[in-house]
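Could you build all of it, start to finish, from the sequences and the hints given here?
Same order as they appear, the protein sequences are chains A and B.
So the first sequence is numbered by full-length UniProt numbering: it starts at 1 and just counts up by one.
So the second sequence is numbered by full-length UniProt numbering: it starts at 1 and just counts up by one.
You may find that some hints are simply not true.
To be verified - Partial list, derived from the structure: chain A residues whose beta carbon lies under 10 Å from chain B:
#	residue
1	S31
2	L979
3	L1110
4	E1132
For the record, the hints were derived by calculation from the structure and aren't laboratory data.
Glycine included, C-beta positions come from ideal geometry on N, C-alpha and C.
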Amino acid sequence: MKLDDNTTGHDNPRLIHINDPKKTCDHSQFSGNEIRTSKYTLLNFLPKNLFIQFHRVAYLYFLAIAALNQLPPLAVFGRTVSLFPLLFVLTVTAVKDGYEDWRRHRSDRNENNREALVLQSDGFHPKRWKMIQAGEVLKISSDETIPCDMVLLGTSDPSGIAYIQTMNLDGESNLKTRYARQETNKLFLEGTMISGIITCEQPNRNIYEFMANMELNGHFLPLSQSNIILRGCQLKNTEWAVGVVVYAGQDTKAMLNSAMSPSKRSRLETYMNRETFWLSVFLLIMCLVVGLGMGLWLNRHKSQLDTLPYYRKIYFQKGKDGKKYKYYGIPMETFFSFLSSIIVFQIMIPISLYITMELVRLGQSYFMIGDQHMYDSLSNSRFQCRSLNINEDLGQIRYILSDKTGTLTENKMEFKKASIWGKSYGDSKAGSREIDAGVEEAMGSGRKWKLKSEITPDPELIKLSYKDLHGEERIAAYDFFLTLAACNTVIPILTGSPSSISGSLLSDGQISIDYQGESPDEQALVAAASAYGYTLFERTSGHIVIDANGEKLRLDVLGLHEFDSVRKRMSVVIRFPNGSVKVLVKGADTSMFSILKKDLPCDDRMRHVTQVHLNDYSSEGLRTLVVASRDFNGELLAEWQQMYEDACTSLTDRVVKLRQAAALIECNLTLLGATAIEDKLQEGVPEAIESLRQAGIKVWVLTGDKQETAISVGLSCRLLTADMHQIIINGNSEHECRKLLCDAKAKYHVNYASSFDDITNLKRKTEHNFLEMTSQTKSSNMSQQITGEEDRPTFGPLALIIDGNSLVYILEKDLEYELFNLATLCKVVLCCRVAPLQKAGIVDMIKSRTDDLTLAIGDGANDVSMIQMADVGVGICGQEGRQAVMASDFAMGQFRFLKRLLLVHGHWNYQRLGYLILYNFYRNAVFVLMLFWYILCTAFSTTSALTDWSSVFYSVIYTSVPTVVVGILDKDLSHKTLLKYPKLYAAGHRQESYNMSLFWITMLDTLWQSLVLFYVPLFTYRESTIDIWSMGSLWTIAVVILVNVHLAMDIQRWVFVAHAAIWGSIVVTYGCMVVLDSIPVFPNYGTIYHLVKSPVYWISILLIMVIGLLPRFIFKVCRQIFWPSDIQIAREAEILRKRRPFFGSNADQDSS
Amino acid sequence: MNSGTPSSSAAGAGSADSTAPRRNSKRPKYSRFTQQELPACKPILTPKWVIGTFLLVSVIFIPIGVVSLFASRDVVEIVDRYETDCIPEALRNDKVGFIQSDRSKTCQRTLRVPKNMKQPIYVYYQLDNFYQNHRRYVKSRSDQQLRNNGSLQDTGPCKPEDNTAGGPIVPCGLIAWSLFNDTYGFTRNNQQLNVSKRDISWKSDREHKFGKNVFPRNFQNGTLRGGATLKPNVSLSEQEDLIVWMRTAALPTFRKLYGKIEVDLQRDDFINVTLENNYNTYSFSGKKKLVLSTTSWLGGKNDFVGIAYLTVGGLCFFLALVFLLIYLIKPRQLGDPSYLSWNRNPSGH
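Written as structure tokens, this is what we have:
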């Protein structure tokens, strides 16, 4: 199901006959309410599961190898042995899948067998969920879960309101209001049976939209998102609600939304695949050598092949010219030899590495989720890993693209200032306490309620609002606050008996009001209005009740034009008790100033003053809204009402029609004033940004706010500093943008005509500069000198501020390249007024122009495209719903956790996985090479001295556990050090843990170690009675001990689990060998018992260890002495500082 | 300006949440494990450790090297290559023809004992260029059949030496078929030296792998004889030559134990060997050697272990000195921040 089903919706609408499921379902096949989230049934489990599993290349490789081994001339391993690895992974995965599916089955069954009250011929009777069909009428009681998507027909509330909690759907805990249409609700309360037809869209997954109409007694009633309650929600604060099922089962929006987001692939894995290619080249070369060697050898011994006791190609029983025994001619034998060597060397391609990596990432996620420092107690949310593929990318992030609202800021709005009728209030903070008493008095006895949020009102404004209703200023204030209280979608929730609130200062009879709404700005405004004496008490779809200074006003709502991103304003049409009609409008300044009344000079003056105030506010980082109103006369009203009704009931183009209706009334407005709301910065944001920048990460902020607000927030979170040169690009045409860009480049000597090399060079230079300047150990003096050296005028750091309009021109044209060059030179980039898709466009620009990794962080639906586009998407579980989180790879409660996520966990994960990959390459290659050298000594006949089982167990049992444990648990530096020196993060940027040269060094080391493994026993047992199984046994144990000691040498942090895994593996290997050598049917029977009695065995193992690891050890020591890495130094500092009091003691505890 | 963007919705921190006393807090439980703060040992390569490691290796390795070298030097070994010498000179042009003919292949060799040899003196035969580890060869055996009287028909892997017209071959396969059949008789001063053939194979093989009630059948009955025949009335578990031979060698040059001489030999003793040169190694130009050797705790004569140990030990001692010098001349204070990359090269390019 895709979103564009919307478009087909009106071609082929869905018809629901209320309370007539038979008729409803006769016409078309609507799915029942039975849901099935499980993938398999008992019958199809095996084929389907296998089918799905073999979609993975790794499994196909296993399968191909196992199949090759079944061919008689190639049977290198025994049949069962060769199938073991494949069967092992298949079984493990199948068991895991089966268990998960069984749990899904169980929850489906529980879900399907729940009961709900369904209207039948004689009233409501319980019915199982799975039996419910579209068209049936259901009754839901309070706190019950809603079984399918229903259109509300009536509720216990006379005005038809129902409150629902959508926690299961989108994770928001606040209550949302849904309305039954007044018409149906009335009928219901009267007890009449309703019959009508609902025409609605085909099922789609957009949970925030619903378009339908209802034909009821010949009238068409519009139905929208506010009339539908969705499966998975819970009914709250409402005794009962009755609705008709429109979507059931798999058609419900909840079910359609349960798809997973597409997975990403990590950078390290991409590199790893490149090296895997090299490994396959090695594999090919080795197999070719074996194959060709076999061919040449056969050619040389052609005449002897019949009689050679160890070859014997002919059966002699049947005469001299007997049948050939497994001999197919030299070319074929060469080819078969090639194929069978592929079987023997199969683990050269570390397929099991993919499975290991999955396990390791799972373990890493476990620790990231469990990190107490990333738990947000305010929202009670842990860190979440939604994607398991890109843990290590967190250690290499270069660009962070951050949303502002809700990400950098708390998105908890607080009403700070207001400009009313040309006068600004809320600046004075002093003396509010003293005047409080006066205020209380002025408020009189009218106030009987308590607000959840506390605001300290400006006393002057209070006084104004309590004056008698005289004078322009007073009337403007009246309208102003009325707009704040009325022009919104906030629902007041009155919590009844206040006596239950023990310890409350409030006397009995007072009511506590909680404002629930979808926008925090609106909540803040309503709360502010209430603080100034205009309290919103009740809201239904038809009217609102406002307590204005103790006087209860019941206002009829004639129409409401909701906020949309094109108009950028919202308006409500209300009728006062005295019959007068007013339009109250609030909106963004840019969209409001153009529709204001421009008749009188005083309007101009007002507008000018308000504009000045607005600029002041936004330069303080406040979010501003302009408030205006207009009186309505009858003629226009009638015209508008006609249009509005029309638009509301239309099933197509409703949005456009509504917009037209709104345009009719949203003009010629009287400016009342402006509001300023503070969106507080989240805790620790400036520090986090500072650290991230020191770590060499560029932080770009992309916000929908206007330029001034963006800059002020930039200043307050220390993104921008006073000494920065701001390059501002806000052109309104392509030409203008080009000019601005060119000017900036000319001014700051950016030569954009130069070749790309130059630019990257410059980029590197500036990066270095930036590192220098933020370095704590460095004097500013020094950095001045350096910039001087570079022959560039000293400008100080640059900041680029660009707005959405310019981006439209720039991103579409060839200017993108120039913008990018300019942007990479700047320390800070702020993009303001950007649309969601532009955010994604910027991410795309960075991704296409550089190899650097990007991380996008945001909290709202407008960040989703950016989050999905970036290499790593992080969602903030904040105030703006769950969409960002649903689309993200990682989710967390606060922006400041990003510092810990990247600097600590990102660093660890990167180091661990980088090492893990190299080690796995080494581990498999050393084993394969050892086999290879031996095959050269067996006349190229792919004999393996090791037993079949040991060959198979090597990567599955003998050496697999320690790599996983180290990949999950090892850490080079403590989190304290990493947080203290953010620059250590640059190790990830420099790709220190995994790069081509490390790979080749590892391969050289592998070559040496494999030669040692092979030749030490060879020389030790030269011209002796050693048999093949003893030799194989020695090699098996030697290679297992060698790779484990190799790993032990590189472990940075020995916890008991690591000890257990490494030494345990060696013990387990011995155990397996003892078992394998105790089965008399195997030719290797008794080998190990015989071997352990011989001192030469032990001496040669020791010799292999020391000679094999000596070069590596010397290399390691030399590097640490002469070229210590940053991490190495920090590690020494960290350990020695702690150890100094008892130097030399080995046991050191990570105390933190 | 997000106020009321249609698709976004929000909450003031849910009222129920803030008042409820941490009913279902998701705060991760604290444990040193989940916070990755388990007590740990964090080794770093301080100069002490580096030098100490090298010294330790040299201290362990040099004595072992010395002891092994001495042990190896104590072993007295007499090696006599005879495959060419035991063919009459006139026939050396067609060695294969000679070995396949019915002529007498008895051959006399005289060995001088270079040093005193203490008993037991092991008698080996050594074959060169014989790929007992060839895959076709290694697989050509049936361990079921060797072990169990009931598994006579288990000759699957034994091709092409699996069946004759008279039924399955026991022991089947190329390995058994090509059993070594040269024989040696020793005399010293015209006195017969007894060669004991008991306990030359592994006990575990005799007792568990080769059945006590499995007897040879149809063995070497084919058109082409590969090697020695077996006594039909002796069970496989007592045919020690076969058991030794069936433990296939790991390398193309190998020794197999022929027997033990259980008397001491004196220096400059002359030993006459009466040798039946039956085994055909000529078709693949393999060498044959007769070896008499004493043994030490290390096994046979092999200087490699001793030399390797001494070399590695010496090298490590040398490295210890080198690193000691490095640390003395150019010490680097561990954990000194001035070595950090962003402090080290200030110019940056």
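Would you settle whether the hint for S31/A is holds or violated, based on the nearest Cβ-Cβ distance to chain B being less than 10 Å? Cβ of S31/A sits 26 Å from chain B, so the hint is violated.
Hint validation: E1132/A versus chain B, beta carbon distance must be below 10 Å. Holds or violated? holds, 4 Å
Any CB of chain B closer than 10 Å to the CB of L979/A? Given a least distance of 14 Å, the restraint on L979/A is violated.
For the restraint on L1110/A, tell me whether the closest CB of chain B is nearer than 10 Å. Constraint on L1110/A satisfied, holds at 7 Å.
Figure legend: structure checked against the earlier numbered hints; hints not met, in rising order: 1 and 2.
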